[in-house]
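Based on the sequences and whatever the hints tell you, model everything.
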Amino acid sequence: MIILGIESSCDETGVGIVELSDDGTTRILADSVASSMQEHARFGGVVPEIASRAHLEAMPQVMDAALKEAGIDKPDAVAATVGPGLAGALLVGASAAKAYAAAWDVPFYGVNHLGGHVAVANLEGEELPHSIALLVSGGHTQLLEVQAVGKPMRELGSTLDDAAGEAYDKVSRLLGLGYPGGPVIDKLAARGEPTIDFPRGMSRAEDLRGPHRHDFSFSGLKTSVARYVERAEKEGRVISVEDVCASFQEAVADVLTAKALRACEDTGAKTLLLGGGVAANARLRELAAQRCEAAGVELRVPRFKLCTDNGVMIAALAAQLIHEGAQPSDLSVGTDTQLEVETPLVTSVA
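1 is the number of the first residue of the sequence shown in our numbering; add one for each residue after it.
Hints in this document: simulated from the structure, not taken from any laboratory.
Beta carbons: idealized from backbone N, C-alpha and C, even for Gly.
Using C-beta positions, here's what the derived DEER-type ranges look like:
hint, residue 1, residue 2, range
1, 24, 232, 53 to 63 angstroms
2, 69, 204, 45 to 55 angstroms
3, 298, 340, 19 to 29 angstroms
4, 24, 237, 51 to 61 angstroms
5, 347, 48, 19 to 29 angstroms
6, 232, 21, 56 to 66 angstroms
7, 102, 233, 56 to 66 angstroms
8, 152, 242, 38 to 48 angstroms
9, 237, 44, 18 to 28 angstroms
10, 211, 57, 36 to 46 angstroms
Following this line, the structure appears as structure tokens:
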């Protein structure tokens, strides 16, 4: 069975195609993605209206490229992200998916974006066991307990303010490094030393004992970097941008990995899945590997192209749901910008 997935929750327009075998394994046939990142660069972040328009313009080309790469005229099913994400962006992708499904006379599946990030783990090796998923991007920083791909997940914690990727973008703008901030800060951090003691949000003893044990906060870290730069300017000191980047990045990676391993310990999970665009960060990967090895936890990090938003992850999630006998979604189902992680598939109007 051939399943096509459409992803449009933020600034990537993705169409992925996978083949589902009788035994439940999936094979990637096509992965086509168009990004509107450069259109947002002068604004220092994603502008929802620009993202929606870019999805609308890119969809036909991305679809054609995916079908050509897979060597098919039409799939046996179409899936799309229906949440969470940006309202207009979700609407473009979901509407396109429904239209294609209706035109091709194939079933439609409206799936959860976050579940898609977890589903790619099954494309990279053995089936994902009971795990903790750390999803880190410009829009999400979440710790999820996962029993299996396609099953309802439980959110253990999330960011109370800025997402980690958002903090990278804001610090990058503060330092005059441009957008997006993740790659350039990662590159400069490799040449610096983490000599500045920036705060670790939500990591005080009282935080770790309370209801926010698994939550994150990066707004204070961003403000601390800003205050450090302001003080240096007032005092006439020349700062090392490389050291600032290294120190900021160390604070982010420290908190993310410490809380992820704490979640593994609290739930008994022996596998940590790292996903989202920030999963490409070199220091995050390095520190996660070190701490997982020390704790006896398996670390899974999909290859970079599958960490960022893409259509393959949506097709992979739909494939797992179809294999387990899930019913198609009604074409009248809507999108939900705040879709809960407990809902991997939306089949009908609430």
